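Just so you know, the protein sequences line up as chains A and B, in that order.
Just so we're aligned: the first sequence equals residues 1 to 113 in the working numbering.
Just so we're aligned: the second sequence equals residues 114 to 223 in the working numbering.
Quick caveat, the hints were computed from the structure, so don't treat them as lab data.
Please note that a few of the clues may not be correct.
Stated by the list, open to error - Pairs of lysine-lysine, DSS-like flavour, derived with a Cα cap of 27 Å:
(1) A/42 / A/2
(2) A/105 / A/70
(3) A/105 / B/139
(4) A/42 / B/139
(5) A/56 / A/67
(6) A/56 / B/139
(7) A/105 / A/2
(8) A/56 / A/42
(9) A/56 / A/70
(10) B/126 / A/42
Claimed, not checked - If you only want the chain A side, here are some residues facing chain B, beta carbon under 7 Å, derived:
(11) 97
(12) 98
(13) 106
From a predicted model like this one, the values you see are computed outputs, not experimental measurements.
Where is the CB? At the ideal position from N, CA and C, for every residue including glycine.
Chain by chain, the residues:
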Amino acid sequence: QKEVEQDPGPLSVPEGAIVSLNCTYSNSAFQYFMWYRQYSRKGPELLMYTYSSGNKEDGRFTAQVDKSSKYISLFIRDSQPSDSATYLCAMSAYPQAGTALIFGKGTTLSVSS
Amino acid sequence: DAGVTQSPTHLIKTRGQQVTLRCSPKSGHDTVSWYQQALGQGPQFIFQYYEEEERQRGNFPDRFSGHQFPNYSSELNVNALLLGDSALYLCASSADSEQYFGPGTRLTVT
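Given the sequences, and given the hints that come with them, work out the whole structure.
So, in structure tokens, the structure goes:
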């Protein structure tokens with residue numbers, strides 16, 4: 001079993017839809033959770049960073065962590081064609097700078113206008 | 114403020130050759146981590162450099178080595194290239210728990 005599981009999709013939605021992206025993990029030591037967005041042939045861009053369980057909102061994006069279920073989610077409201085990208089979840093057990101991040105495979109999202 | 118920069122953008126090498134990739138961290142960041150991203154996969158951690166020393170290493174062979182310079186920039190060296198080393202190599206810089214990635218170097222081994 002991989003440490004982090006993420007459905008690769010692809011996921012196709014119409015513009016304006018609410019998108020739900022999810023990851024599950026097996027290592028209970030993970031406490032720091034991130035979502036990155038990666039456009040084709042580019043580097044990942046940090047979208048959200050959360051610590052432990054709970055919700056965090058930033059504009060159209062909401063990150064949710066449920067440590068009891070080992071499940072994290074990213075919600076995108078009012079999705080736009082510019083949101084079309086691959087979304088990677090990542091997590092770590094430690095907060096130190098540069099510590100190893102464990103990534104999911106990424107979910108490819110396509111938003112049509 | 115320039116973000117993380119990497120060079121070169123693309124590189125084509127032959128099996129058995131050696132390659133050096135370069136990374137300049139975001140201003141104010143002193144820690145550099147390197148990741149390998151194969152096609153259709155998430156990035157995999159190679160190693161981390163802080164204060165010019167390798168502080169943490171992932172499950173990669175000794176063919177992968179690195180260096181950090183006093184100005185915090187870093188190099189990744191890969192010796193005896195294999196076809197399986199073809200990937201996007203990403204550099205991430207950080208000063209705290211958030212890591213910011215560069216655009217990557219796409220390495221093709223033929």
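For each hint, the structure was consulted:
no., hint, verdict
1, A/42 / A/2, "holds (25 Å)"
2, A/105 / A/70, "holds (17 Å)"
3, A/105 / B/139, "holds (26 Å)"
4, A/42 / B/139, "holds (17 Å)"
5, A/56 / A/67, "holds (14 Å)"
6, A/56 / B/139, "holds (25 Å)"
7, A/105 / A/2, "holds (10 Å)"
8, A/56 / A/42, "holds (26 Å)"
9, A/56 / A/70, "holds (17 Å)"
10, B/126 / A/42, "holds (21 Å)"
11, 97, "holds (4 Å)"
12, 98, "holds (4 Å)"
13, 106, "holds (6 Å)"
Going through the hint list in order, the structure satisfies each hint without exception.
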